[in-house]
Structures are given as C-alpha cells and as structure tokens.
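Could you slot chain B onto chain A? The hints should help.
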Amino acid sequence: GENVEQHPSTLSVQEGDSAVIKCTYSDSASNYFPWYKQELGKGPQLIIDIRSNVGEKKDQRIAVTLNKTAKHFSLHITETQPEDSAVYFCAAKIAVGNEKLTFGTGTRLTIIP
Amino acid sequence: DSGVTQTPKHLITATGQRVTLRCSPRSGDLSVYWYQQSLDQGLQFLIQYYNGEERAKGNILERFSAQQFPDLHSELNLSSLELGDSALYFCASSVAASGGDTQYFGPGTRLTVL
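Protein sequences, first through last, are from chains A and B.
Going letter by letter, the first sequence gives residues 1 to 113 in this note's numbering.
Going letter by letter, the second sequence gives residues 1001 to 1114 in this note's numbering.
Hints were generated in silico from the structure; no laboratory data involved.
Take every hint as true, because none was put in to throw you off.
Using 25 Å as the maximum straight-line C-alpha spacing, the simulated BS3-like pairs for lysine-lysine come out as follows:
no., chain 1, residue 1, chain 2, residue 2
1, B, K1009, A, K42
2, A, K42, A, K22
3, A, K68, A, K37
4, A, K58, A, K71
5, A, K37, B, K1009
6, A, K22, A, K71
Chain A stretches covered by chain B per the calculated footprint, using a threshold of three residues with CB under 8 Å from any CB of chain B:
no., segment
7, 44-50
8, 101-110
Note that the Cβ used here is the ideal one computed from N, Cα and C, for glycine as well.
One chain only, chain A, in its complex shape (with noise of 0.2 Å):
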C-alpha cells in the first residue's frame, strides 16, 4: 500500500521568514496530495490540496509543489505569522479505486515571534 513520509518531525522559524515541509510517496499511482493543518485540540483543515496534473499551486502565503517523477510534494508557507504554529499534515490519495488517504506522521510548526 502507499506509504508517505513526512520531514521534518519539528520546524522553528522566525516570524516573517519561510517554513518548507516535504514529504515522499511511494505509489506511482497517487494523484491528489492534500495538506491539512491542525491546530491543539481541533480537527485537521484542508489548507491546499494538489492534483497530479498540476506541477504547483498557490493560495496567498502558502504554495505547493509537487514532482511526480520523485514522487515528492512540499508545502511552502511564506511570511510566516505566529497564527501558523500548528501541525502539519500532508496525505496522498489514489483518486480512484481506493478511497483512504494516507498520512504523514506530520511537522510541529513553530513560529517564534
């Protein structure tokens, strides 16, 4: 089955700079690779979401990019604000066939003021 990892476990950056996160799959077959941000105590929330016809994506200060040919994807938070502390999730997902995403084990963001 399809395996993703995740890096780094922990990231501290100041406020304003970028954080980047990155993460691996390992079925070719994976073709959408959400990103889910959950803060303490609440419900991961979709922030983006990639599909593998598209090479990158971006919403305001956060932009994803993907390499199918190494099957890897990040998440690129730019201008980091205290409010992105939170933990990261990415996922992948065959789109059809096989309904359940796959995890990573998710990065501790911390944004130091």
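Here is chain B on its own, set in the frame of chain A:
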C-alpha cells in the same frame, strides 16, 4: 468550522466496555470516513461509507464496526475496549465516493479508556 459535527467531544470509559461515536457530515456530502489518531500511529484510516454502504476498509479492528444511516449520519461502534484504543477519533466527509474529493474533518472525539 468544517460543517462536520461529532459527538461526544470527550468520552471516558473502562476496559471491556462498548461506546458509540456519532458523526454528521456536511450538508450534501454522501461519503463519511472514520480515522483514528494516536500518538504512536498518527492518523489512520479506519473505514468509509458512501450513501449508506461500506465503500472502503482500512486498519479497522474486528472489535470496531460502523454504519451510515439513511439520513447520512454515521456511527462508529467500539467494543471490548482496551487501553490501546485510547485515541482521537475523527470523522470526515466528502461529496462523492471518489475522484479525489476533498475530505473535511470534524472536531473529533477524544476517547480515554481507563
């Protein structure tokens, strides 16, 4: 607020007991997914229902079962509880069954087994 609701928020029970967790999907969503989040296992997919029928199964124990009712709400039943079942249980919903649909997560139920 994702629009997915889960009850109860917290549940404390003893080993050997049985509990039921409830989930109401977002309005219009036909698929419901259950996930377990524990410290050592991360977020693990348990099971999916689509319009009342089981669609996909993940790492769900035989002691656990789920169902989706005609009004599309879903229940996850956990029986013969063990200490290791203590975890956060999340429900997610999406519009359809496949096609890379976005899954929206509820706030979760924290289960503590003593």
